[in-house]
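Chemist: Each chain, letter by letter, is given below.
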Amino acid sequence: MSAASVRPTARDFVRFDGVSVRYGTGTSAVQALERADLSFAAGDFICIVGPSGCGKTTLMQTLAGFLKPTSGEVSLEGKVVEGPGPERGVVFQQPALFPWMTVAANAGFGPRLRGSRDVDARAETWLRTVGLWEFRDRYPYELSGGMQQRLAIARALCGEPKILLMDEPFGALDALTRERMQEELHAVWRRTGMTVVFITHSVEEAVYLGTEVVVMSPRPGRIVDRIAVRFAREMAEDGIRAVKSDPEFIATRERVLSLIWQMGET
Amino acid sequence: MSKAALPDWAITLLAALLVLALWVGVTSGGLVRDLFLPGPLDVWSGLQDLLDEGYKGRSLFEHIGMSLMRVLAGFLTGALAGTALGLAMGYLRPVDALASPFIEFLRPLPQLAYLVLLIVWLGIDESSKITMLFLAALPVSAIAARDGVRNVVPERVRAAQALGASPWQVFRYVIAPGALPEILTGARLAAGIVYGTLIAAEIIAGSSGIGWMILDAGRFLRSDYVFAGILIIGIAGFGIDRLLLWLERRVVHWAGK
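Chains A and B, in that order, are what the protein sequence lines are.
Residues 1 to 266 (our numbering) make up the first sequence, in order.
Residues 1 to 257 (our numbering) make up the second sequence, in order.
If you are wondering where the hints come from, they were derived from the structure by calculation, not from laboratory data.
Even for Gly, the Cβ is constructed at its ideal location relative to N, Cα and C.
Incorrect hints may have been included.
What the hints assert, rightly or not - Sample of chain B residues facing chain A (criterion: CB under 8 Å; computed from the structure): (1) 153; (2) 158; (3) 163; (4) 165.
To be verified - From chain B, some residues computed to sit far from chain A (all C-beta separations above 10 Å): (5) 61; (6) 95; (7) 116; (8) 160.
Using the sequences plus the hints, can you model the full thing?
Modeler: Spelled out as structure tokens, the structure:
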């Protein structure tokens with residue numbers, strides 16, 4: 001294929017090249033992110049962990065286009081990120097839904113902005129996928145926290161992004177809801193082959209959801225380690241419970257935890 | 001609190017009845033002169049008079065209609081212009097820098113302070129009255145809309161941007177509806193201020209309006225008419241506020257949830 005020669009390699013689906021972000025100026029300046037280099041392939045499920053202030057949200061915001069790096073650049077499929085755009089779907093910790101729109105209108109918001117003709121069909125597909133179709137005429141404030149977050153995910157996916165960016169999406173949910181959401185998200189990922197970048201405080205969550213765990217450390221925020229994980233690919237057969245009791249899973253989890261633990265002592 | 005505590009509505013009703021009883025008691029015993037406080041029956045017959053014969057060449061409903069027309073004209077123009085200005089101030093920093101000194105100056109200014117100027121500039125007919133009410137509504141509405149825009153949840157704006165919304169689409173679908181609860185609260189506030197300014201506006205020479213009627217009747221010591229006028233103004237004001245509140249709850253059904 002001749003096209004392959006001009007295209008970036010699969011490994012460079014997303015590239016961070018020496019990305020630094022500094023907030024403020026002078027003595028009060030904070031180095032939120034220092035020369036981050038990171039690249040990964042389409043279809044990867046990248047989990048980013050690290051203590052508060054390690055710059056994981058900052059890293060994601062440069063990819064989302066909400067934040068311009070002080071130096072360095074971020075690119076998706078070889079195109080430098082200049083601002084937010086529909087090829088990068090975002091899900092926040094708080095669902096950030098539009099309470100003046102019905103559930104269906106929230107889901108179809110992205111396609112409707114672009115004047116797509118199949119808005120309703122697409123909204124239906126994703127609402128059915130996340131189990132909210134029967135609530136389509138309700139308003140977001142009539143839904144539970146877990147349902148609201150499912151709607152936020154459906155809204156992001158309905159925009160047909162190439163990559164889904166999630167900033168602690170399940171952080172505000174109770175433990176049971178959280179586990180169910182993890183399984184649902186994972187099922188969507190397996191079915192669609194979507195690329196996901198997922199920020200979390202939970203090391204365990206990162207180790208069984210991700211194909212790779214990126215560990216970051218604070219002051220200044222930098223990437224300290226990347227650990228390839230195999231459980232995400234196997235979870236379909238084994239199920240979440242089997243994975244969690246696998247000795248290798250436990251070993252990987254302890255390795256990441258001890259990395260983060262060391263940071264706390266410095 | 002005792003077990004036999006009265007429900008709230010009963011307390012409200014009792015309070016109203018108590019005031020009425022006091023009113024009757026004080027006036028019927030001849031304790032207070034008619035001029036200072038006419039009894040309920042005097043006010044009632046005064047109201048009858050006004051209904052039957054009108055006041056100085058106009059029926060009572062003409063006076064009420066004139067006043068409401070002025071309130072409505074001043075409120076609508078002031079609230080609409082103020083909201084448009086406030087939205088722009090909230091969304092575009094330079095507009096805020098440009099307009100806010102004038103708005104902030106105008107807001108606490110008592111309307112009576114510039115009454116004379118309006119008469120000099122615009123004459124004594126409707127335009128000076130409505131302009132006064134317009135100026136009463138404008139700053140409150142502008143500041144409510146500006147704050148509404150500023151208080152829009154930033155994640156919602158980002159969510160829309162990440163779904164491909166242009167700056168105009170962000171404004172149209174996220175900022176404006178996000179600011180709507182505060183805009184409507186501001187509108188209610190503005191309606192109250194306009195209503196309160198009505199009497200001042202009707203000081204400007206004329207011969208119509210319920211505010212003018214109260215002032216004029218006061219000059220001729222017709223306390224029964226003054227009281228009847230106050231009752232009408234009070235009840236209409238309460239009704240307008242309730243109407244706006246009802247509208248607000250229907251339109252911004254999501255507010256506070």
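Chemist: Going back to the hint list, which numbers does this structure go against?
Modeler: Number 8 only.
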